[in-house]
Amino acid sequence: MGRTLPSVTQVFLKEQESFLRFRRALRRSDQKALDDLFAAAHKHLAAAAYASHALPFEVFLLAMLLEEHKQVLRMRYLLNPSDAAALEQLERGDSTAYLDALSAAVEAGSAVPLPEPGEEGPADPPADHEPPASEPNLINFHG
Amino acid sequence: MAELTGWLLDLFADTQPGVVLWLVGEDGQRHRLTQDFPITFYAAGEPARLRQLWRFLRAQPEKAELKRTERRDIFLPQPVQVLEATMLQTAAQPYLFQRVAREFPELPYYDADLPLTTRHAAIYNTFPLVHCRVEVDDKGRVQALQALDTPWELDPPAPPLRLLAIEPDVDPAHATPKTLYVRSMSISYRFSLDHPRPLLINLRAILERQDPDILMTAWGDTWLLPYLIDLSEQWHIPLPLNREPGREVIRKDERSYMAYGQVIYRGRQVHLFGRWHIDGCNAMLFHDYGLEGVYELARVTALAGQVVARVSPGSGISAMQMVTALRLGIMVPWHKQQAERPKSALEMMQADQGGLVYQPLIGLHRDVAEVDFISMYPSIMRHFNISPETVADPNTVGRDQYARLERVSELGLWIDQETSGLIPQTLAPLLDKRLELKLRLAELPAWDPRRQTYQAQATAHKWLLVTCFGYLGYKNARFGRIEAHEAVTAYGREMLLRAKEAAEDLGFTVLHMYVDGLWVKKKGLADVPAFQPLLEEITNRTRLPIALDGIYRWVAFLPSRMDERVPVPNRYFGVFQDGSLKMRGIEVRRHDTPAWVSTMQMEILDILVHASNVDDRSTYLPKILKLLRKALTRLRTGSVPIEDLLVSLTLSRELSEYRTPSPGARAAAQLAAIGRNLRPGQRVRFVYTLGEPGVHAWDLPEPVDVRSIDHERYRVLLMRAAAAVLQPFGLEEEDLKTRVFADARDVTFFTPVYLNV
Amino acid sequence: MEPYTHPALDYGRKMDYPLQLSPRQLHLVIAPHRAQRQMMTILTARLAVTGRVRLVDAGNCFDGYGLARQLRQQTSSWQQALERVSVARAFTCYQVETLLSESVADISPVLVLNLLDTFYDENVKLPERMRLLEVSLAELRRLCRMASVAVSASLPSRDQPVELLERLTESAGQVWSFEEPQPAEPLRLF
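Each protein sequence line maps, in turn, to chains G, C and P.
The opening residue of the first sequence carries number 82 in my numbering; numbering runs sequentially from there.
The opening residue of the second sequence carries number 186 in my numbering; numbering runs sequentially from there.
The opening residue of the third sequence carries number 209 in my numbering; numbering runs sequentially from there.
Certain hints may be false.
[Stated by the list, open to error] Have a look at the derived ranges for each label pair, beta carbon to beta carbon: (1) C:Pro223 to P:Ala313: 43 to 49 Å; (2) G:Leu147 to P:Arg366: 31 to 37 Å; (3) G:Leu147 to C:Glu877: 46 to 52 Å; (4) P:Leu227 to C:Pro223: 45 to 51 Å; (5) P:Arg260 to C:Glu439: 47 to 53 Å; (6) G:Leu147 to C:Asn755: 20 to 26 Å; (7) G:Glu98 to C:Ser529: 37 to 43 Å; (8) P:Arg366 to C:Arg728: 51 to 57 Å; (9) P:Asp329 to C:Arg802: 55 to 61 Å; (10) P:Arg260 to G:Leu147: 35 to 41 Å; (11) P:Lys333 to C:Thr254: 28 to 34 Å; (12) P:Ala313 to C:Thr254: 32 to 38 Å; (13) G:His150 to P:Asp367: 31 to 37 Å; (14) P:Leu227 to C:Ser893: 54 to 60 Å.
[Said to hold, decoys possible] Derived BS3-like pairs (lysine-lysine); straight-line CA-CA distance at most 30 Å: (15) C:Lys618 to C:Lys707; (16) P:Lys333 to C:Lys660; (17) C:Lys815 to C:Lys685; (18) C:Lys437 to P:Lys333.
[Claimed, not checked] Interface residues of chain C toward chain P, partial, derived using beta-carbon atoms under 8 Å: (19) Arg432; (20) Met534; (21) Gln535; (22) Ala662.
Simulated from the structure, these hints should not be mistaken for lab results.
Glycine residues also receive a C-beta, built at the ideal position from the N, C-alpha and C atoms.
Given these sequences and hints, build the entire structure.
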């Protein structure tokens, strides 16, 4: 018995497709930004499926916003060089605790107590493959 | 009166009333026994129509004993009034029923078309290869039958079966065979197919002398046995393929059908009486579990050995459910009439969902534990008692009818917890046996000969268990029910989320979740005991059995091939701490990858596994580059065997339905042009060639011209496969190409055009 | 019975207008699969704005998300409207028959999506399918006595029997037939 409703991935692709005309008319640089937004939403398809919202696009929008908010939090780290260690940690996916602490700190408007560089000494190689010397991969960041 | 002990090999309807049983005796003899075996079926419906049916049955030549009674229909709360027809002529029942159904098409029928083995199993607890004791009279009629073991024993007394294998020297679809190999434990012969007479005479002598219980063949269904039978008729030399005297072999036609979203092709079949014919090339999943797996499937499903070897696991599960139903006094509907209860559109959106499939965090991760629910969906059915009759709809059934109901959180369904359901009862012993096998396997040393048997059995179980969930939602399943199917996935999502929450509460990072498994890590944890508290916490919160599949030294989750920002759920590979590899979705796992490409990818993975430090490219990259260059040189110089370049694709539809013919369709068209038509679900093998049409079907009579092979195409395939597994280590495909070709001594062979592909 | 044939180009917007259901009549919409799905969704939405609608999905084609989008355009209380739509699916012609026989005759409209889909299943013998269709049509006529009933179906493909659709068309009081649109010329400005 095949499923009746399309899967969340199918719905997602269809929504994305419905913006093709919009995308075409955008400047090349804006097209890339739009693609990034959709790629961001794509990371939360499982949650979107579980939500089983009658208008899934609303959930996709929220997922885009969620990734945007993570970027904002990340920017705060970048602006404060002493937070480099935490930033590094974030990029490795060990992010939950840090995000929590960070969100709390952001709400409280204060600086976050962060581990000293080297304290956690993660042995993992970076999760993504940007050359380490170049600027941080903001687009691809996923906590 | 005599007593015999042995193993039940075959059971089928006799030409006389009753059934024939072939017993492999402990005395070494093969015994042909007969047994009375009356068959009962039921019809329900309006009393007036049932009276007409009664009169109709009375007038039929096959005498049926008729009575009015009450029986249980699983989909109805109250027993139903039925007309019961019992007949002594076992073999005649299908024919009588056919006429009944034609005459009274609108009546619901029950127990009308069950396999004989299923009926026998329900009454006598028999199954193929059951160890049993029978009392027989002097005419070989069974007076009493007692099963001495059950399908659930781990080490049942093994029957001393005699095997005979016959196979041609070459795949008959590819070339005309010239020779037949015939082998058993004691003999080994080779016969030329050019001389039919001596061939037939020899085969006849071998069959008579060896008297095998199981005839194993290669392409026996699709070519060998039909060929031998034709030959034997042509030369008037009878071949005793059947052990049962006076019977023709059964031939079944080929067919293609849809199952689990795929087109499946079954070749034609040849079944024997009194012994099994198993065609290793036409048996379902045979490459997965072999003959041991077939024995196990036959034992647990109680379907005849040669049947179970050829049907889908769904039919196996269905047969098991029928046995349970018959034992519980529940009638098996002929056609399932019951349909979905109406839901609101919103409820439908909640319910019509599968398992949770996450997008993993792309990249390479260390010290990752993979935690899996053991047989998640079947365990859910068992633990939460999900079955067609236990799912109650609060709108139509008063809640007070059930003593204890459990609510499926998101679906508004209630599940009766009072009486164990048909499906849970069917699955329980299978789940227990599988768990026991797993424990046993974990204890056994690697050299133990029993490992192979246990492994085959566990694989056979796996297929049954994987299928039983889908079968619950299958439209034609006799005991399927869509609400029950949906309840299972709803529980599955709930349990996976509980596991995620448990892991996060304990400070783990969840890297990935896929339906019934999760990949987690936590700084500083890298050995089995360290993950024990997590397992316990998940078990606490879900009440389901869970196991640590292993701890990866490293595992890489790969991005989509279309967009590197987008993760895909089931494309990863990693190395466990014991050095074993696990791979999903990469080329080496795909059936359509040429052997040459798979082998190379596997060798690269092997180098990575043995690298002392994967962070230090210098420890492995030179070896890999050397390997690739060597492989490419071999390709270019024609040293790669053509068999290793074969691509094998399954046709998804009829040739005429392809709008833009895929390479597979073009190869199939080449075969069709010489009169060899392939059906949907069949595989077509070909090599990529230069020019039009770009492929050469392997099974064409003329061999491939080695000079026409499209080396460039294979080079691209190889580089792509290599890049897929090197990318997590920071090596992109372009980079890899540059490195392979830049340092190559024979760089001149590659024109710049090639480098830009 | 007056067949209404329309050279359908854009079913979505234009076809809404003629699909006005009259009481106590069996309406039949014959259209290619996609158009059929769209039209039935639009029809469902229009009916659900004001009252209950019963859907029998006989072709595994209920478009829940499309329906939600339609409803949101028409009413701010679109979630309540979605609750007013009840759906039951049939995956075999036996189940179609069962669902229709189990439907209670009341005033809320009944829409059957892609009625013939399961009847084109060759695994069931044609006389048996014809019999089941007859029973189903009788049930539809029963439901018609109190409610508006609309049924959608597609034309049989080359290898499918025509009798089923013929029988269905005979029984319908009102038939709307839409043809496969001509493949549109790709828009070329230069």
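Hint check results:
no., hint, in the structure
1, C:Pro223 to P:Ala313: 43 to 49 Å, "holds, 45 Å"
2, G:Leu147 to P:Arg366: 31 to 37 Å, "violated, 50 Å"
3, G:Leu147 to C:Glu877: 46 to 52 Å, "holds, 51 Å"
4, P:Leu227 to C:Pro223: 45 to 51 Å, "violated, 58 Å"
5, P:Arg260 to C:Glu439: 47 to 53 Å, "holds, 49 Å"
6, G:Leu147 to C:Asn755: 20 to 26 Å, "holds, 24 Å"
7, G:Glu98 to C:Ser529: 37 to 43 Å, "violated, 29 Å"
8, P:Arg366 to C:Arg728: 51 to 57 Å, "holds, 54 Å"
9, P:Asp329 to C:Arg802: 55 to 61 Å, "holds, 58 Å"
10, P:Arg260 to G:Leu147: 35 to 41 Å, "holds, 37 Å"
11, P:Lys333 to C:Thr254: 28 to 34 Å, "holds, 30 Å"
12, P:Ala313 to C:Thr254: 32 to 38 Å, "holds, 33 Å"
13, G:His150 to P:Asp367: 31 to 37 Å, "violated, 55 Å"
14, P:Leu227 to C:Ser893: 54 to 60 Å, "holds, 59 Å"
15, C:Lys618 to C:Lys707, "violated, 34 Å"
16, P:Lys333 to C:Lys660, "holds, 17 Å"
17, C:Lys815 to C:Lys685, "violated, 46 Å"
18, C:Lys437 to P:Lys333, "holds, 19 Å"
19, Arg432, "violated, 29 Å"
20, Met534, "holds, 5 Å"
21, Gln535, "violated, 10 Å"
22, Ala662, "violated, 11 Å"
Hints 2, 4, 7, 13, 15, 17, 19, 21 and 22, counting from the list given before, are not met by this structure.
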